[in-house]
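Engineer: Please build the complete structure, drawing on both the sequences and the hints.
Protein chains in written order, with the working numbering: chain L, 1 to 552; chain C, 1 to 431.
Watch out, some of these pointers could steer you wrong.
As the list claims (entries may be wrong) - Selected chain L positions facing chain C (Cβ under 10 Å, derived; list incomplete):
{"no.": "1", "residue": "D335"}
{"no.": "2", "residue": "F343"}
{"no.": "3", "residue": "D382"}
{"no.": "4", "residue": "T389"}
{"no.": "5", "residue": "A397"}
{"no.": "6", "residue": "N467"}
{"no.": "7", "residue": "S496"}
{"no.": "8", "residue": "A513"}
{"no.": "9", "residue": "L521"}
{"no.": "10", "residue": "D537"}
As the list claims (entries may be wrong) - Label pairs and their calculated CB-CB ranges:
{"no.": "11", "chain 1": "C", "residue 1": "K239", "chain 2": "L", "residue 2": "K268", "range": "53 to 61 Å"}
{"no.": "12", "chain 1": "L", "residue 1": "P383", "chain 2": "C", "residue 2": "L232", "range": "16 to 24 Å"}
{"no.": "13", "chain 1": "L", "residue 1": "K268", "chain 2": "C", "residue 2": "P386", "range": "23 to 31 Å"}
{"no.": "14", "chain 1": "C", "residue 1": "G291", "chain 2": "L", "residue 2": "P383", "range": "55 to 63 Å"}
{"no.": "15", "chain 1": "L", "residue 1": "R170", "chain 2": "C", "residue 2": "E407", "range": "22 to 30 Å"}
{"no.": "16", "chain 1": "L", "residue 1": "N473", "chain 2": "C", "residue 2": "K247", "range": "24 to 32 Å"}
Claimed, not checked - With a straight-line Cα cutoff of 20 Å, these simulated DMTMM-like cross-link-like pairs (lysine to aspartate or glutamate) come out:
{"no.": "17", "chain 1": "L", "residue 1": "K203", "chain 2": "C", "residue 2": "D117"}
{"no.": "18", "chain 1": "L", "residue 1": "K442", "chain 2": "C", "residue 2": "E119"}
{"no.": "19", "chain 1": "L", "residue 1": "K519", "chain 2": "C", "residue 2": "D202"}
{"no.": "20", "chain 1": "L", "residue 1": "K442", "chain 2": "C", "residue 2": "E72"}
{"no.": "21", "chain 1": "L", "residue 1": "K519", "chain 2": "C", "residue 2": "E119"}
{"no.": "22", "chain 1": "L", "residue 1": "K279", "chain 2": "L", "residue 2": "D253"}
{"no.": "23", "chain 1": "C", "residue 1": "K114", "chain 2": "L", "residue 2": "D206"}
Hints in this document: simulated from the structure, not taken from any laboratory. Heads up, the beta-carbon is just placed ideally off N, CA and C, and yes, glycines get one too.
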Amino acid sequence: MNSPPTSSSWLLWLRNAVILGALAAAAFWGVAELLAPPVVAAGRGTGVSKSVQAEILQTSAKVDADFEKAWAQQQVQPVARADDLTLVRRLSLALTGSIPSLQEIRMLESLKGADLPQWWLSRLLQDRRTSDYLAERLARVYVGIENGQLLIYRRRRLVEWLSDSIQQNRPYDQIARSLIDSHGVWTTNPAVNFVSVTRENNKGPDEVKLAAKVSRAFLGVRIDCVQCHDGKLGSTWKQTDFHQLAAFFGQADFSLNGLRDDPKLSYKVRYLGQAEEAKVSPRVPWKPEMLPARGEPRTRLAAWVTDKENKAFARTIVNRMWALLFNRPLVSPVDEIPLDGPFPPGMEILADDFTTHRYDLHRLIRVIVSTRAFQMSSQSADPDHPVTTAAENAWAAFPVTRLRPEQMAGSVIQAASLSTIDSDTHVLFRIKRDIDVSNFVKRYGDSGEDNFEDSGGTIPQRLLLMNGNMITNNTSGNPLINASTRISMLAPDTASAVEAAYLSIFTRRPTVAEAEHFKGLLASAKNTATRSNAMSDLYWTLMNATEFSWNH
Amino acid sequence: MNTSPCHGPSHLTRRSLLRGTTAAGLSWLTPLADILAAEAATAPSGKLARSVILLWLGGAASQLDTFDPHPETKIGGGVKAIPTAIKGVSFASGLEQTASVMQDVSLIRSMVSKEGDHERAFYNIKTGYRPDPTLIHPSIGAIVCHELPDAKIEIPTHVSILPNQWPARGGFFGAKYDAFQMYDPKSPVPDVKARVNDKRLDQRMEGLSVVEQAFARGREPDLDQSKTLHQLSMQRARKMMSSEQLKAFNVSDAPVKDLSAYGDTPFGRSCYSAVRLIQAGVRCVEVTLNGWDTHANNFEGQATQVKILDAAYASLIRDLKKLGLLESTIVICGGEFGRTPKINNVGGRDHWPHAFSMLVAGGGFAGGRVIGSTDPQGEKKEPERPVLVEDLHATIQNLLGIDYSKEVMTPVGRPMALSKGEPVKELQAHV
Numbered sequence: 001m002n003s004p005p006t007s008s009s010w011l012l013w014l015r016n017a018v019i020l021g022a023l024a025a026a027a028f029w030g031v032a033e034l035l036a037p038p039v040v041a042a043g044r045g046t047g048v049s050k051s052v053q054a055e056i057l058q059t060s061a062k063v064d065a066d067f068e069k070a071w072a073q074q075q076v077q078p079v080a081r082a083d084d085l086t087l088v089r090r091l092s093l094a095l096t097g098s099i100p101s102l103q104e105i106r107m108l109e110s111l112k113g114a115d116l117p118q119w120w121l122s123r124l125l126q127d128r129r130t131s132d133y134l135a136e137r138l139a140r141v142y143v144g145i146e147n148g149q150l151l152i153y154r155r156r157r158l159v160e161w162l163s164d165s166i167q168q169n170r171p172y173d174q175i176a177r178s179l180i181d182s183h184g185v186w187t188t189n190p191a192v193n194f195v196s197v198t199r200e201n202n203k204g205p206d207e208v209k210l211a212a213k214v215s216r217a218f219l220g221v222r223i224d225c226v227q228c229h230d231g232k233l234g235s236t237w238k239q240t241d242f243h244q245l246a247a248f249f250g251q252a253d254f255s256l257n258g259l260r261d262d263p264k265l266s267y268k269v270r271y272l273g274q275a276e277e278a279k280v281s282p283r284v285p286w287k288p289e290m291l292p293a294r295g296e297p298r299t300r301l302a303a304w305v306t307d308k309e310n311k312a313f314a315r316t317i318v319n320r321m322w323a324l325l326f327n328r329p330l331v332s333p334v335d336e337i338p339l340d341g342p343f344p345p346g347m348e349i350l351a352d353d354f355t356t357h358r359y360d361l362h363r364l365i366r367v368i369v370s371t372r373a374f375q376m377s378s379q380s381a382d383p384d385h386p387v388t389t390a391a392e393n394a395w396a397a398f399p400v401t402r403l404r405p406e407q408m409a410g411s412v413i414q415a416a417s418l419s420t421i422d423s424d425t426h427v428l429f430r431i432k433r434d435i436d437v438s439n440f441v442k443r444y445g446d447s448g449e450d451n452f453e454d455s456g457g458t459i460p461q462r463l464l465l466m467n468g469n470m471i472t473n474n475t476s477g478n479p480l481i482n483a484s485t486r487i488s489m490l491a492p493d494t495a496s497a498v499e500a501a502y503l504s505i506f507t508r509r510p511t512v513a514e515a516e517h518f519k520g521l522l523a524s525a526k527n528t529a530t531r532s533n534a535m536s537d538l539y540w541t542l543m544n545a546t547e548f549s550w551n552h
Numbered sequence: 001m002n003t004s005p006c007h008g009p010s011h012l013t014r015r016s017l018l019r020g021t022t023a024a025g026l027s028w029l030t031p032l033a034d035i036l037a038a039e040a041a042t043a044p045s046g047k048l049a050r051s052v053i054l055l056w057l058g059g060a061a062s063q064l065d066t067f068d069p070h071p072e073t074k075i076g077g078g079v080k081a082i083p084t085a086i087k088g089v090s091f092a093s094g095l096e097q098t099a100s101v102m103q104d105v106s107l108i109r110s111m112v113s114k115e116g117d118h119e120r121a122f123y124n125i126k127t128g129y130r131p132d133p134t135l136i137h138p139s140i141g142a143i144v145c146h147e148l149p150d151a152k153i154e155i156p157t158h159v160s161i162l163p164n165q166w167p168a169r170g171g172f173f174g175a176k177y178d179a180f181q182m183y184d185p186k187s188p189v190p191d192v193k194a195r196v197n198d199k200r201l202d203q204r205m206e207g208l209s210v211v212e213q214a215f216a217r218g219r220e221p222d223l224d225q226s227k228t229l230h231q232l233s234m235q236r237a238r239k240m241m242s243s244e245q246l247k248a249f250n251v252s253d254a255p256v257k258d259l260s261a262y263g264d265t266p267f268g269r270s271c272y273s274a275v276r277l278i279q280a281g282v283r284c285v286e287v288t289l290n291g292w293d294t295h296a297n298n299f300e301g302q303a304t305q306v307k308i309l310d311a312a313y314a315s316l317i318r319d320l321k322k323l324g325l326l327e328s329t330i331v332i333c334g335g336e337f338g339r340t341p342k343i344n345n346v347g348g349r350d351h352w353p354h355a356f357s358m359l360v361a362g363g364g365f366a367g368g369r370v371i372g373s374t375d376p377q378g379e380k381k382e383p384e385r386p387v388l389v390e391d392l393h394a395t396i397q398n399l400l401g402i403d404y405s406k407e408v409m410t411p412v413g414r415p416m417a418l419s420k421g422e423p424v425k426e427l428q429a430h431v
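Structural biologist: Have a look at this one:
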């Protein structure tokens, strides 16, 4: 034991030189990252041609006019437009499920003369994070969050397929038709999972669940409430309406070649008050003239659901996209839109524009984002006349809503890193991120299928944010990973340290009072360790504020 | 710093209040005593149950190898029967301690469900409803906390110890009724300890009030009270962090003799903790013992779990009785379904929702009764006197004085009864 070191002195010298060099490079790169990170291929355009952009603005202007009429009637005063960074934050949260990184903010601010929110929207629509996140949100609507039977169902495959479709901007009517009228095995045709998720106990697909899903997800009606009896409480739906819709799935069955339609099969049900089960023929609940006379039942149903005249289809996705962007649907609840109105301002204009432009989801998002309603501040500039609930409900102020658990987790992780975590991030880091997010969501409370009910924060959630591992690990001293430590080490002065923390966590700069308070705390730190603690405290404080957990 | 008009944050902590009192002693137990006294004065009969303990045998215990053995039959699998405190009723061997407390416990041998998948069956057994694509039903504990609110408790009133993938949820009553999840009580409760010292925590809270002022500007004055509940939940979280009642979660200071009676297992410690939580005034505690899903080597697998269960269950019933809490505490024990009479070719038993067993005790349940029976040859699926999952739920709610048939309006606009079942009168001590 204890043999003398064999390495010669020049080897040691070389090692030290390499370490010092690496540290110097890291420090240089870190300072650069903090103050003005490299601009990544920033073009000026909005991603669509000028004429298309003009058309989009025309449509959003029509929506604005609709809302302005309503505001005048209700005598509510709309608040002013939000600033650019607030809009950038909203877009990132809605489309990627996370706040923008400090790197992205610095890059955006280096673009001179561009319309930042529009530019950022175009950028996000190309980003895999957006299609992945939107696909996950839509998958919750289509198949829920259960994992189902592994042999015949892979949720992951469906989400990937949806993400590809969104990324390629596949027309939404095609997506819907693929899901309703899918054939084959889930491996080669991931859309089959929409049907196979309903299978239980080795029987065929569950017609009742499929009818409930199709009516809610694609038509915005909760016709499944009449599964057991005719409509109550003013509903005019009949029990037969629901089961005749379910009957379109009566021939769907699984064989060795996967999902197919077997003409020998049929759907049977025992109606309330009847002694015997009876065969039910497929019929649609409204506009039967749109239903093709021929074809397999599911093919006919898919054609009827996505018929241009079936406006319920367009309204439903308009309402859902609005909900994803605002965290609150235009018509509430998100999957119950009256067939014959009355409709809120904007709804009919958006639905018509969506239908006449080939069910283009990217365009729909662009139109909604261009409206005054989306760009509205959530805060009144006049403290004597604060925003009221009435104004918020009339979309005359941007609604303050609670972030979803996965948005919270994504934001904590992003805020703790100065650079962007996206598809270019190292795969190990992304895997760690996914595990962290799923652990956090488990403890924070997954809200299950995509709903938009606002409820206040709970005590376990608060404890998790105050004392939980995720916040602690992401805010405490760790110079390799954590932004708080990096900022504390690298920022040239206290003012820029506070600013970097605010931009990383709140996507805004501190107010004068805030800057004074935290600059004072940082300045009173006597050494590196206490300064690093003070920075951790600042990070903790911002992540535990209402502003961090609520969309605004 | 000013989160409340006249007190700084350190004044909110209960520990600082208690620091000066010499007679603190068992003061964390007082909420229950207060409430019982108040209830005794107002309740007409004075005999309603007020809390619930749910012991879930996750993965599904085999009724044939536990509470409903059929020895010497081809489905029995060589099980040995032992007598219980109920005359003429036997259990599988290994459950000797449980057998000895059966004068205080009743047994249902005919639970019937339609769900044969673990996730769906857990939903069903915890909520009394089958999964529904349109809404999530609240679990028993959430219903109890919603219907019988209690402002005096500083710790969560709905607790899940050793939760599996499907802990009890608030469902349409909201996430605030979700069970508070904790793991083996040997380790401290997660997330209740501040990660920094008091001075830094106070500094953080001071910073927070500066930040909250900036957010509140130009917004509704009562945004926090009426919507975000942010500061409110923060205050309550801090109150909990410093509450003496937190001790109920902790078994480290328990007398070794008391604790070892429950068996030196995570489940045993959790059952011990469940009793202390009920004593501190918690409404509902669920404890999960997984590992019963024996598709292969059924007999070994069941015997291992039976050993863990037997000591913990019997000790829990004995201690509740000794503390005078059994009268007011319902204790339910069972799996999400049962296991097949047929033994498969790898010596396992598969899923069987058609007839399985459940132990019920305390809180107005009669002791020493057995209802239902299954076919000793395992040929007939349906048991005698079937008890539906929703009927068990209605019985529990009835014993708590909750109107189980009451309809509440759900967020999807559909009125929903708290339970659609009917109480099983034979199981109630007083009808």
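Engineer: Run every hint past the structure and note whether it holds.
Structural biologist: We went through each hint and held it up to the structure:
no., hint, verdict
1, D335, "9 Å, holds"
2, F343, "18 Å, violated"
3, D382, "7 Å, holds"
4, T389, "7 Å, holds"
5, A397, "9 Å, holds"
6, N467, "5 Å, holds"
7, S496, "18 Å, violated"
8, A513, "6 Å, holds"
9, L521, "7 Å, holds"
10, D537, "5 Å, holds"
11, C:K239 x L:K268: 53 to 61 Å, "58 Å, holds"
12, L:P383 x C:L232: 16 to 24 Å, "23 Å, holds"
13, L:K268 x C:P386: 23 to 31 Å, "25 Å, holds"
14, C:G291 x L:P383: 55 to 63 Å, "60 Å, holds"
15, L:R170 x C:E407: 22 to 30 Å, "44 Å, violated"
16, L:N473 x C:K247: 24 to 32 Å, "28 Å, holds"
17, L:K203 x C:D117, "13 Å, holds"
18, L:K442 x C:E119, "16 Å, holds"
19, L:K519 x C:D202, "17 Å, holds"
20, L:K442 x C:E72, "46 Å, violated"
21, L:K519 x C:E119, "52 Å, violated"
22, L:K279 x L:D253, "17 Å, holds"
23, C:K114 x L:D206, "15 Å, holds"
Going down the numbered hints, you'll see the structure goes against 2, 7, 15, 20, 21, while the others check out.
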